[in-house]
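Could you fit the two chains together into a complex? Lean on the hints.
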Amino acid sequence: MKTISHPWWYNLKYLLVGLILGAVFVKGEIISWFRVQEMFRLQSFHMYGVIGTAVLVGITSVWLIKKFKIKTIHGEAISFQPKKFSKGQVIGGIVFGSGWAMTGACPGPLFVQIGTGAIVVGVVLLSAVSGTWVYGYFREKLPH
Amino acid sequence: MMKEMMQQPLPWYVAGAIIGLVVPVLLILGNKHFGVSANFRHACAACIPGKISFFKYDWKKETWNLFFAAGLLAGGVLTTWFLPNSGMDIAPDLVADLKPLGINDFGKLVPSEIFSWQSLFSLRGFLILVGGGFLVGFGSRYAGGCTSGHSIMGLSNLQWPSLVATTSFMLGGYFMTNFILPVILRL
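Protein sequences, first through last, are from chains U and E. Per this note's numbering, residue 19 is the first one in the first sequence, and the count goes up by one each step. Per this note's numbering, residue 474 is the first one in the second sequence, and the count goes up by one each step.
Bound-form chain E, shown alone (with noise of 0.2 Å):
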């Protein structure tokens, strides 16, 4: 009984309230702001800086964020081995709309053909994985900031600069999901 109500996904509310209670405790524990894709940077300024001023910092006083990184694979790690979901519902017109693009494996929670090493070596594959890796960390430092520092950190900071990145968030997303995506898929 405990174990079957421990494998059901959390529901919203739950989740979201848990993700909102991270910015409180990063300020309470050492006046940290949440902000996952400054750890992209400090990668770069760690191991390639270059001679570029923008990788030019003492990245050594922000390895907080690189630990905050770790423990967030630690804890996919963790739960994937002692705390697994048992199953997800999936939309049912998100499946219909799928499957002609050729995505039929709906059991995990990436589809396994898009994420494995057989896709990677195809078009498709390299297209969604490694074009739409590089969109991230380039779009994110561009607009000074991810989810979690514009839409998580920034709005609970009621900073309107970072509506306007999380609503151009959204709107990059709408058209690559509707218009791009699809086509890409089809490879």
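Isolated chain U (complex conformation) (with noise of 0.2 Å):
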């Protein structure tokens, strides 16, 4: 496969790539802690509209990609790796989806929230850097 490596400043797409997603993060209030309260409340459908729009346009533009065997900007292939089962998308999924809750923020929103000038989320963002390292470090010892 042919990959093609570029100067730093080609980075700077995928930062755009940020801002618009961010934007919409606003824009959509899918950065609110109140959205994600309704969504496990069953208060709202905005949040299950959001996510399953989001699921639906990412299959037919995946499907797309592969029936049409497109290539990057750059003609490299494009490529898909198989997820494996393990008993992490289950337990760490819980533990995942509990932190979800209590800041109304999984981590793409972490980093707009932040933006937007909750600047005391920067400790969430912090605190989570160290829940990555703490599952680091007891790896080999949890169950997968």
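I should point out that these hints are in silico values taken from the structure, not numbers from a laboratory. Glycine is no exception: its CB is placed at the ideal position from the N, C-alpha and C atoms. Just to be clear, a hint being listed does not mean it is correct.
Stretch-level coverage of chain U by chain E, calculated; a stretch enters the list once three of its residues show a Cβ under 8 Å from a Cβ in chain E [what the hints assert, rightly or not]:
id, stretch
1, 32–43
2, 48–60
3, 64–75
4, 79–86
5, 103–115
6, 119–126
7, 130–140
With a Cα cut of at most 35 Å, we get these calculated DSBU-like pairs of lysine-lysine [as the list claims (entries may be wrong)]:
id, chain 1, residue 1, chain 2, residue 2
8, U, K31, E, K524
9, U, K89, U, K31
10, U, K105, U, K84
11, U, K85, E, K533
12, E, K476, U, K85
13, U, K84, E, K581
Have a look at this one:
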């Protein structure tokens, strides 16, 4: 498979995609603590609509990319890795869901919340990094 | 008129469609897979890898994702400065549920009773902000991804382990929101 190495500033295009997504997270209220509460209390359809639509668009896009063997803009092949089942998806998944419900933000919205001026969320972010570190430290001892 | 329109929240189907389009855009721009929580691991690998094999890899190859996360943050800044929403309709049921739990600020994206420095130094705020953040970082890596990596990217690629993960996210969220969080909020 062809992979090309690029100068660092090629990464700026990902910054732009992140910027657009961050704006949509604000305008679509995805980063709202209240919207996440509504979702988990089954009090509003909003977040289900957002995630459901995103998945449908994603499934269609991936299907089209595979069907027409679409390449990257630099001519590289687009590859997909199958996900392997592990108990972590259940245990870790429940742990992650609990954290999401408390902070009202999964990892993407964490960054956006800080951007909107909720600087104290920086502490949540640092805590999330330390949670990942602790996972790495105990990884061998945890059931997978 | 135009300004008023731009201050309206995006409907769920528009927001959802754009989020879904991030999947093919990242793939076509450079065969990149949507997944934000990997950045926590990259941060560990870059700053505090210790002797942990899980953090010994060439994180510099994943710089694109750190740029992506920086973009998310910048998107939050720019939207708040130039194009904030005029307000938000919160489900009346939620307002009724939260008021007895000490949440009265419904005017912002996050309630100031929890998301403030003052709150951080209270038991309730500490548990939610520091505890919640820890669970997000620990759980997402243990699950091998978060909402973007599993629920959006994984499901888009029809991976059943991602469906297992997504179901577990929701179960954990339901349980925390309805049974544990109300107890913490009363602290």
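Structure versus earlier hints, numbers of those that do not hold, lowest first: 12, 13
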